[in-house]
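A.B. asks: Residue numbers (our numbering), protein chains in the order written: chain A, 1 to 169; chain B, 1 to 194.
Keep in mind the hints are simulated off the structure, nothing from the lab. Please note that the accuracy of each hint is not assured.
[As the list claims (entries may be wrong)] Ranges between beta-carbon positions, derived for each pair:
hint, chain 1, residue 1, chain 2, residue 2, range
1, A, D87, B, T36, 32 to 40 Å
2, A, L119, B, P102, 30 to 38 Å
3, A, Q41, B, A118, 40 to 48 Å
4, A, Q53, B, T114, 44 to 52 Å
5, A, N33, B, S141, 26 to 34 Å
6, B, R54, A, D87, 23 to 31 Å
[To be verified] Computed footprint of chain B on chain A; a stretch qualifies when at least three of its residues, placed anywhere within it, have a C-beta under 8 Å from a C-beta of chain B:
hint, region
7, 92–99
8, 118–131
9, 136–149
Cβ coordinates follow ideal geometry from the N, Cα and C atoms, glycine included.
The primary structure of each chain is shown beneath.
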Amino acid sequence: MKTLLWLLTSILLALSACATPAFATEEALRFDNETQRKLYQQLTAELRCPQCQNQNIADSNAIVSVDMRQKTYDMIKQGSSRDDVLDYMINRYGNFVHYQPPLNRYTLLLWLAPVLMLLALVALQLKRRRQQAAESSSEAAAESASEQSASAALDAELDELIEQYRSKK
Amino acid sequence: MRKLMFYVPLVLFLTLALFLLSGLFSNPMERESVTTNKPLPAFSLPDLMQPAQRWQPEQLRGETFLLNVWGTWCPTCNAELSYMTELKQQGVKIIGLYYVLPVDPLLGESFDLTMLQADVSNKLQQRGNPYQFNILDADRSLSLDLGVSGAPETFIVDSNGIVREHHIGDINPQVWRNKLAPLYQKWRQQDGSQ
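With the hints as constraints, model all of the structure from the sequences given.
C.D. replies: Take a look at the structure:
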């Protein structure tokens, strides 16, 4: 019984995960081919609504997003490429409107930051490793030294005992 | 050196906290417009009240003016009408760009110009009429070309038809005094010399 329930739940979960977000407006749109439809989906997901905070135009129903979706559709139907549509939008709404900022002097830090952080982490880790290695080797040396001195002391003690034993005899 | 390292997390935390704190007071709607310092986009749109009259950018040259994007459906736009009427009385030239809703709850699904005209003149009688005339942007094509993201927005356009400022949000006494008036005066003064 339990396994059956578990199976049922997992199937339901898997199904809900598979269900892609429905593009309500898109059902009414007709494209000449599958490439155009893909391009439309890609562009409306990548273009950012200028009025709302952090929504792409596919998700937003602000008037400006509706207009931008329509324009994207019209341009794709007329055979515009991905870059044509992006240029058109960026010429009107700025780089803000695209979720992939271009690499220029204003965004250099933005693009480099992850790499710099990774390098810093690797450097830190290397430094730490080296320190640990140095510490453990010096520890080992100290240990062996103390061991040596201890065995020397034991030897001396043994010698003394033997000496005592012999002198008693 | 070790003592200094002890303070590193604190310094990092304070920097981050200050950065995030400054974010609390920043305006997320504020960004540089890319349509400024460019000529008005090409258009040929009808007058809202006399649709037989069509407006083209060339007809708007000769004097610096404010191009105010608005609609009666937009409460903030209605609120700024009376202050802009005061500005008009002070001699500021204001032209309206009427931003039509795709589906206006008042007008319903189909676009009815007569109903819209009645609604607009009603509103302008109530609140004051700051406009010389209104350009009807029924499909919001000029608004899209100007990078309008909603209403109200206001552009300062100089006498050569170059867009000089793009203001997102309403015009109130504070915004006018601190931001728009100096720019308007600056371009206004150059009207004659060009």
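A.B. asks: Which numbered hints turn out to be false for this structure?
C.D. replies: 1, 2, 4, 8, 9
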